[in-house]
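Trainee: Sequence:
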Amino acid sequence: MSAVAVLAATLMTGCGTFGTSAERKNSVYQNERFSSDETFSRLFDSSVQDTCEAARRALLSQGYVIGIALPDSISGTKRFQPEGEVHVEISFTVVCVPEGGSGKLATAYVSALQDRYNVKRSANSTSLGVSAIGSISVPLSSSTESLVKVASETIPAGQFYDRFFALMQRLITQQGNEDTSDLDKTGG
Numbered sequence: 003m004s005a006v007a008v009l010a011a012t013l014m015t016g017c018g019t020f021g022t023s024a025e026r027k028n029s030v031y032q033n034e035r036f037s038s039d040e041t042f043s044r045l046f047d048s049s050v051q052d053t054c055e056a057a058r059r060a061l062l063s064q065g066y067v068i069g070i071a072l073p074d075s076i077s078g079t080k081r082f083q084p085e086g087e088v089h090v091e092i093s094f095t096v097v098c099v100p101e102g103g104s105g106k107l108a109t110a111y112v113s114a115l116q117d118r119y120n121v122k123r124s125a126n127s128t129s130l131g132v133s134a135i136g137s138i139s140v141p142l143s144s145s146t147e148s149l150v151k152v153a154s155e156t157i158p159a160g161q162f163y164d165r166f167f168a169l170m171q172r173l174i175t176q177q178g179n180e181d182t183s184d185l186d187k188t189g190g
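Counting from 3, one number per residue, gives the positions in the sequence shown under our numbering.
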């Protein structure tokens with residue numbers, strides 16, 4: 003067997019082992035299961051507007067800043083600093099969709115995105131030459147800090163969303179009790 007044939011066989015084996023870069027990039031999506039037990043939604047016994055209002059109140063009660071508040075969708079963000087040079091931002095999006103024809107049922111679809119940032123320091127140095135008094139150089143230095151995004155991921159379905167949905171349900175129930183109480187007072 004010639005040296006060229008051995009080299010060609012070795013290269014072909016290496017290519018088959020590692021795959022193409024496109025295959026490696028797409029492999030992260032292979033873990034997407036689309037299974038019914040991993041849902042980002044919950045059905046509520048209330049209208050679309052009441053469901054999204056409960057979502058808005060739930061986010062506000064936990065310190066989220068509301069960016070968009072429409073009758074059928076809400077988005078909000080909250081920032082954390084778990085460590086000295088690490089910053090985390092959670093962006094929440096809730097979309098409320100009617101279920102059935104009565105308008106009394108709605109599904110809330112929720113997704114939360116977590117972005118991680120690290121502080122990056124850059125040193126800047128310059129020198130100042132003053133020709134009138136000779137060749138004296140005075141070094142001037144400064145540093146700048148900026149946040150650099152280092153990771154971004156959707157928070158997986160689980161307890162995080164279960165707690166949010168439980169708070170929404172409590173707020174919907176409270177609102178329903180207040181509405182019933184108002185009807186009793188007015189005799190309606």
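Derived by calculation from the structure, the hints in this document are not laboratory data. Wrong hints could be hidden among the right ones.
Unchecked claim - No more than 25 angstroms apart at the CA atoms, straight line, and that leaves these computed lysine-lysine pairs for BS3-like:
1. K80 x K106
2. K122 x K151
3. K151 x K80
Trainee: Please verify whether K151 and K80 have alpha carbons no more than 25 angstroms apart.
Mentor: The given pair, whose Cα atoms are some 16 angstroms apart, holds under the 25 angstroms limit.
Trainee: Are the Cα positions of K80 and K106 separated by 25 angstroms at most?
Mentor: violated (31 angstroms)
Trainee: When you check the alpha-carbon spacing of K122 and K151, does it fall within 25 angstroms?
Mentor: holds (10 angstroms)
In summary, the one numbered hint that this structure violates is 1.
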